[in-house]
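Protein chains in written order, with my numbering: chain A, 301 to 633; chain B, 301 to 633; chain C, 31 to 247; chain D, 31 to 247.
Watch out, some of these pointers could steer you wrong.
The list that follows gives simulated cross-link-like pairs (lysine to aspartate or glutamate, EDC-like), each with its CA atoms no further than 20 Å apart [said to hold, decoys possible]: (1) B:Lys302 to A:Asp511; (2) B:Lys340 to B:Glu324; (3) A:Lys302 to B:Glu512; (4) B:Lys529 to B:Asp511; (5) A:Lys302 to B:Glu535; (6) C:Lys155 to B:Asp416; (7) B:Lys529 to B:Asp507; (8) A:Lys309 to B:Glu535; (9) B:Lys583 to B:Glu535; (10) D:Lys155 to A:Asp416; (11) A:Lys340 to B:Glu622; (12) A:Lys317 to B:Glu535; (13) B:Lys309 to A:Asp534; (14) A:Lys302 to B:Asp538; (15) B:Lys317 to A:Asp534; (16) B:Lys302 to A:Glu512; (17) B:Lys583 to B:Asp554; (18) B:Lys529 to B:Glu512; (19) B:Lys317 to B:Glu500; (20) A:Lys583 to A:Glu535; (21) B:Lys317 to A:Glu535; (22) A:Lys583 to B:Glu324; (23) A:Lys302 to B:Asp534; (24) B:Lys302 to A:Asp507; (25) A:Lys302 to B:Asp511; (26) B:Lys583 to A:Glu324; (27) D:Lys155 to A:Glu420; (28) C:Lys155 to B:Glu420; (29) A:Lys302 to B:Asp507; (30) B:Lys317 to A:Asp538; (31) B:Lys309 to A:Glu535; (32) B:Lys302 to A:Glu535; (33) A:Lys317 to B:Asp534; (34) B:Lys309 to C:Asp52; (35) B:Lys583 to A:Asp313; (36) B:Lys583 to B:Asp542.
Keep in mind the hints are simulated off the structure, nothing from the lab.
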Amino acid sequence: VKKLINAPKDAVDEALKGALLAHERLIMALPDTPRAIVAKDGPRAGKVGIVIGGGAGHEPSFWGYVGRGLADAAAVGNLFASPPPGPILAATQFADRGAGVLYIYGNFSGDVMNFDMAAELAAEEQIAVRSIITTDDIASSPVESRAARRGVAGNVFIFKIAGAAADRMMPLDTCESVVRRANARTYTMGLALEPGSPPETRRPSFDLGPDEIEIGVGVHGELGVVRQKLISADESADLLLDRILAEMHPSEGDQVAVLVNSLGSTPAMELYIILRRVRQRLKARGIGVHSCLVGPYYTSLDMAGVSLSLLHLDPELAALLEAPCRSAALTLP
Amino acid sequence: VKKLINAPKDAVDEALKGALLAHERLIMALPDTPRAIVAKDGPRAGKVGIVIGGGAGHEPSFWGYVGRGLADAAAVGNLFASPPPGPILAATQFADRGAGVLYIYGNFSGDVMNFDMAAELAAEEQIAVRSIITTDDIASSPVESRAARRGVAGNVFIFKIAGAAADRMMPLDTCESVVRRANARTYTMGLALEPGSPPETRRPSFDLGPDEIEIGVGVHGELGVVRQKLISADESADLLLDRILAEMHPSEGDQVAVLVNSLGSTPAMELYIILRRVRQRLKARGIGVHSCLVGPYYTSLDMAGVSLSLLHLDPELAALLEAPCRSAALTLP
Amino acid sequence: MTQLDAQQVVFLFRVIARRLADARVELGALDGAIGDADHGTAMADGFAMVVQSGAEAAARGTAAGDLFAVAARAFLNAVGATSGPLYASAFMRAGQRFAGQTTIAAEELPAIIGDFAEGIADRGKARPGDKTMMDVWAPAARAASLAAEGPLARLDRAVVAAEGGRDATRAMAASVGRAARLAERSLGHVDPGAASAAIIIAALRDGLAPHLSGGHN
Amino acid sequence: MTQLDAQQVVFLFRVIARRLADARVELGALDGAIGDADHGTAMADGFAMVVQSGAEAAARGTAAGDLFAVAARAFLNAVGATSGPLYASAFMRAGQRFAGQTTIAAEELPAIIGDFAEGIADRGKARPGDKTMMDVWAPAARAASLAAEGPLARLDRAVVAAEGGRDATRAMAASVGRAARLAERSLGHVDPGAASAAIIIAALRDGLAPHLSGGHN
Ligand SMILES: Nc1ncnc2c1ncn2[C@@H]1O[C@H](COP(=O)(O)OP(=O)(O)O)[C@@H](O)[C@H]1O
Ligand SMILES: Nc1ncnc2c1ncn2[C@@H]1O[C@H](COP(=O)(O)OP(=O)(O)O)[C@@H](O)[C@H]1O
Ligand SMILES: [Mg+2]
Ligand SMILES: [Mg+2]
Ligand SMILES: [Mg+2]
Ligand SMILES: [Mg+2]
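All chains, full assembly: derive it from the sequences and hints.
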């Protein structure tokens, strides 16, 4: 697979440098901690600090969601690898403005252990830290073991809710509980047409036949739950949506927010065809759509495929979702 | 090539329907003219109307640049095919609020003829129409025949300047001359790692060897000017930037805006590696960077590759570029 | 003197449409080499819409001579490529000749080659040698206008001239249209618009031949 | 009784690092089958950083016993995968045993297998049968702790136990870590973390053997 890179081992750092330059009005790296990316505007005395993070390869996540009304800081690891406690702690120290800090990150054991270690170190410095481990990927574990699920593209909604809650100066307890509710009400499922290829190998991270798709993939090249023949866009949308609705069981008149996410190389035309079907189906079920995001919001290198995320809103979550924010990947006026 | 589509012939209409649903707060189709997409907010008495357009397959262009502070309407054709005069005329009638209408579209003979026919029809209705045919693609013709060049991703800058000028209630003459200047000062060049595949054929629109790239490609599957071995990201960036700077010949201290555009399937990581190099090089030349756009702003289906656009700013263009706007693809607070 | 009614004019369009549909892939490939690969789609879909709208209009009782204006609109709306407005202008021009006629004399129809050439030239401003469809339409129009011969013979000559014009584009470097950006790289390739023009002219001849069995005037 | 100085401890790390570097692709493939394909990179790069930081620290005069804490930090910063904090905790635990010692008796070093097992268990909370590296570290630690034998024999037993534990993971369904999402789909695959753990234990044995030539106590 051809790639526009230099030395493969430099890809993550060079892309991050590019992002810091491209968005220099919004974000910067902490001096001496290049993997701790912080917001230039937003953090302020008395506001709960929001710290997010995870591996590289999901661009524009995580730095793309750092800014006013969103996260205060992000710790970024190597390709698909958790950041170590060092940058997480530095991000925490920056984000702490006396009201405590909320960690939000996907449920992967590497991330859990590293964020936990950082939280232990922060506790030694008397910084109050709460951790929300996101678990929106419904394909990754049955509903009975929801806590074992991966955290994937639904993070975008959860980050947004958290950023807005903190921006409204809600105290740590309130932020924590509203974000926990957002996580519990966010459902994601993805499918891949082609695996992504890491810069090191430039080879697909798994093999798919010329007519096959993989349902339920993760965002690190993990296999999904089942492999099948390529189906149409409408069938693909139905497959993802049916699984999500079966868990969410919304009532008529409920509101949802929708994210149709490119896993990397799927272009806008295909995403919007999917979105159209999702909207048709939701309308038929009498479910209102508060807002839609369509695009490469949470990627897995150059994987071809799509994930669908729905956030089951309630009035408070809806208000937080539409609150203004300004970041590299998401700006609401 | 696998695609998330239904019947190939429906892909353009279905994607457009998805876009209208996803961005229903911002845009809508004119009743009875589904290919004329208009802004819900922005058009108003005495404001020059901005009408843009071209073929489908460049999503989020063109509907993505319709909104307050940007275009008032867009006419969208079939895949890589100009809209006929009908929707252009309807867009023109909608956008005309007594101050005349500016057409802005890329220099392709199909578009020129269709927009000209629409302008003739508009003239019969006493609507003052001026046409700016964009010509930013420096690979498509030598500098001596600049007027023969294609209009490609640099359109994003030109649309933005036009939208801001009209939003400031500048009269038609002034809008026309400032947008003409923006076009004259915008330079784009692209390269492809893999061709895109139209939904109808699902086959690459041209053949490239496993180690080859095509330099100077257009955005409709047109071949470029030369084919060569895959080179590194830095070399690719240098190749594009050198050609652009050789024509622009900026002075030290000049300001530019930069767009690193994905042609469809190239993911953010690679775009930001390119951006980083461009920024290094500009810094070394003493050229200031006003702002950067990085992402799939003007695509060519699922082509893998990148285009680089530079807008050589002057103070007025810089002010217009940073004016607020709100659209599906570009929002500045 | 054979007169064609609206149904028969639509049938003539259908003959052309079928040939273009058969050539869809080949025209697409020619355009792929020096353009954007859509010329097969443009011509096949454009003429399919001409047939469909023509048939609907004929069923509504539209006069034979007014079908050309119907065809122009249909082609324009179906085809956004350069060939859209060019053939729309071509049909429009031919429509001016026959406007209002309920039937058209078969002998009169070869003249539309000249109308097409003029309509395309006016809209596109290309000239022979630019490597476009004009390299076919211009010599074919000249051949079709030789008054000394009967209509079928003129059509035969037009077909030969069209083929010659088409083949000549292979040695030209494009200076108009999308392929102009390739400059010398377009050398060695037949122009797709020239190829489809030659198909139209041959189909016109074959579609009219049964009505012109009289041969030379 | 052979005493290892800081340089020699770094050399021991180097033996392990080399084996893991050789196994990089193979470990990546094991992880590709049931995880995210990065375990080869994680272990090879992690131990490479352990060697580099250890060598720098030794050159600065750091005591042999303090190199384990250095290794812990290096591993943690180099590896963001699950194995990062796990091996960092392992090194940390071993470091508590030797803290401050300028040299370490070769006979004492097999005990780090038990330290590693404890550090990993504390941090990861996995238990034997979960299809993780604990399926290697736990039985190896038991084997290495049999007081009745000499250190080399205990290491030999640990190697055998490690290999058995590794092979046993093939028949397990993962219930911890990334592979747990595959559930039954992980059956039939060797756990990558178990495979790398077996490599480390074998390398440790081979690296210590020259210092333990005395054999049975
Ligand atoms: N100005 C012009 N006048 C006449 N014919 C032209 C002109 N420009 C292009 N053409 C013809 O149009 C053909 C391409 O048509 P088509 O592929 O349908 O349009 P597009 O280039 O817009 O995709 C060319 O092969 C050429 O013959
Ligand atoms: N909680 C745990 N305790 C012990 N070992 C674990 C645990 N979770 C995962 N592992 C081990 O980690 C290995 C995967 O390591 P690695 O690939 O480096 O991390 P990641 O899964 O984060 O990519 C697994 O094969 C398993 O042996
Ligand atoms: Mg074409
Ligand atoms: Mg075209
Ligand atoms: Mg792994
Ligand atoms: Mg990993």
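**Broken hints, by number** = none
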